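Chemist: What follows is the residue order along each chain.
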Amino acid sequence: MPVAAPAVVLSGVTRVFGVIPALVRADLRVERGDTLLIRGANGAGKSTLLRIIATAISPTYGSGTVLGMDLVARREEIRRRTELLGHRTRLYEDLSARENLRFTCSLYGLETRTLEDVLERVGLTEVAGERVRGYSQGMRQRVAVARALIRMPALLLLDEPYSGLDTEAKEVVDRAVLDAQRAGRTVILATHDLTRGGMATRTIFMDGGRILPQLPTPSQT
Amino acid sequence: MGSAERMMGKLTARRGERVLGWLTLAALATSAVMSLVIAPPDAEQRNAQRLMYIHVPSAWLAYLAFAVVFLSSIGYLRTKRTRWDRLAAASAEVGVLFTALAIALGSIWGKPIWGTWWTWDPRLTTTAILLLIYVGYLAVRKLPDSPARRARWSAVVGIVGFLDVPIVHLSVTWWRSLHQGPTVRLLGESTIAPAMLAALLVGVGAFTLLYLYLVTLRLRVGRLEDRVLAEALSPRVGQSPESLLAEAGEVVGGG
Amino acid sequence: MSLLRQTALIAAKDLRVEVRGRYALGAVLPFAGTLLIAFGLSLGPGRTLLQETAPGLLWLAVLFASVLSFRQAYQSESEDGAIEGLLLAPVDRAAIFFGKAIAVVAALLVMEVVVVPMVAGLFGLSLGREPLTLAATFVLGTIGLGAVGSLFGVLTESPRAREAVFPLLVLPLATPVLVAGVKATSLAVGGRGGEAGSWLGLLVAFDLVFMAAGTLVFGFLLED
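These protein sequence lines are chains A, B and C, in that order. Going by our numbering, the first residue of the first sequence is number 1, and it counts up by one from there. Going by our numbering, the first residue of the second sequence is number 1, and it counts up by one from there. Going by our numbering, the first residue of the third sequence is number 1, and it counts up by one from there.
Next up, chain A with everything else stripped away, as it sits in the complex (with noise of 0.2 Å):
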């Protein structure tokens, strides 16, 4: 029986921005419908980890594949199945939520009719229709994981979601990761914050960006 391509594979991925060494050679091999949990400090390289795979930047030594596309070669359709809710919510200040939303779904040829679920789903639809310049960050986190969901991507990618948000918002956050788990996504989730990422299947920390040599655990052997 085939075997899909595992959801990522990355072989002395470096990234280097100027002299800083933001990822140092990770090697990292995500199979597909995990939920990997990274845990690290601000600057452990989570963020160039996560955008690397989400091909928003390119490594500059190093190899790797996602979804069994190279890196470099298939960015365009990597990012079809990728999506990465990161440090930015990539909203357009002066529309609103819905208006948002829409455009995303144009630009990815999406129908619109999950929308208004979508809202509901994310505690939204109340403020939907007011622009964004006047959202608190918890909202806007809210609209970023509505995103998410319209589009539940092969692999789902998740940079710090948690900062800055109330509990309730969290909440949101990790309702779509449940989501994802359920219809069988693979989501990469890196986060600081040690009251989260329970719903994690495995687990890896950085440090000075490197990923630091793992123990397998059970689920993987």
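None of these hints come from the bench; they were simulated from the model. Since this is a predicted model, take the numbers as computed values, not measurements. For every residue, glycine included, the Cβ atom is placed at its ideal position computed from N, Cα and C. Treat the hints with care, since some could be wrong.
[Stated by the list, open to error] A few chain B residues that face chain C, going by a derived Cβ cut-off under 10 Å, partial list only:
{"hint": "1", "residue": "N47"}
{"hint": "2", "residue": "A128"}
{"hint": "3", "residue": "I133"}
{"hint": "4", "residue": "K142"}
{"hint": "5", "residue": "G161"}
{"hint": "6", "residue": "V221"}
Please arrange chains B and C on chain A, whose structure you already have, making use of the hints.
Modeler: Structure of chains B and C alone, referenced to chain A:
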């Protein structure tokens, strides 16, 4: 590559550079003698006309250098190899000097002929705009912190800028032709005496050698810069500088 | 999705942002107006001089307005990093280039509809003699500025570029637009629109070259 071969490579590169340097000096000296002594003074402009022997070559190099920027920019975008970016940057830095020189000389030459420092002569005006485009190119190089982005951004400026120059020239020439300005052209209508033509050609050749020499120097500095970067990066990344330089197709310090 | 649809999508988004934020009308138009009045004050009040210089001053105002407009158009992309969203989306790079250009050109044209008659009134120009030539000049010239601005506007993601480098790039590159625009405008208000043919041709050539070049290289400015 064995260390002996590498050393030979460095030696010949330096020797080649030095030979080029001496050749340039010789050519410039010859050009100076021909322009100042052998060529006769112009009938109308007298000795002021001798400025042509450095103005015209400078202008020629200003445009040649930018053509090199254009071609290497394309080369970089297609191959992503640092050597093209290094060449583009080197040619731009040397080219901007020749451009500024051409404008200054053009202005100085024009003063006794036209009576003013500037008359919006189409060729000089286009060269002035070329200077601004060069400056824009060099300014863009200072913006990003990632060398790959710097290379990409400046390559775009180099390509678009070069394509713009002919259009600028056309527009300025038409614009200028509407006015009955000074009809005395710098180069005059009369056929040029053989001695003057020879001096001019030698001048162009000498300046071209000067351009090549300066670019070679600048390329060497560029390679050293990349080497320094690789060595700074090496301990933090746990790879030898050589492998860093080789591995990413010579792109050091940026995806 | 076809390139055309993608372009329309992005242009529509940009126009919506523009209308909501009211940047063109709220900031750029008043700026252009102030600039022209300042020109008038510094060169006037003699009628003849103002009439002669009016086309030049008008196009300078349009040039500066385009720089401001593009800076603003890309500002909305960098506020929350939305441009990364465009980068990651399955959208043709050319669609982003054209979409943004169309939106800003539309805004500039609306502005010109206000400013040109204003200048005609202030500086004593006659717009009625060759209205078609005049309109063609402004449309073609603004498209040219649109191509240059949309391309290099990407650089304004870098804060330093926003200040000085972006205008430094645009102004020399846009010289043909300035020269041709001014000359054609002078001819049009002078009733000699028939002679403006070659200038309009130059504008067309400029537009084509920059649109083609922009399409090819825009992606390189976007990627990291």
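Chemist: Each of the hints needs a verdict: does it hold here or not?
Modeler: Now the hints, each set against the structure:
Given hint, N47 (chain B) at the interface with chain C, is violated; its Cβ is 34 Å from that chain's nearest Cβ, farther than 10 Å. Hint status for A128 (chain B): holds, given a least beta-carbon distance of 9 Å to chain C, under 10 Å. With a least beta-carbon distance of about 5 Å to chain C, the hint placing I133 (chain B) at the interface is held under the 10 Å criterion. Interface hint at K142 (chain B): satisfied, since its Cβ lies 8 Å from the closest Cβ of chain C, which is below the 10 Å cut-off.
Using the Cβ-Cβ criterion of 10 Å, the hint placing G161 (chain B) at the interface with chain C is satisfied: the shortest such distance is roughly 7 Å. With a least beta-carbon distance of about 24 Å to chain C, the hint placing V221 (chain B) at the interface is violated under the 10 Å criterion.
Checked against the numbered hints given earlier, this structure breaks hints 1, 6; the rest are met.
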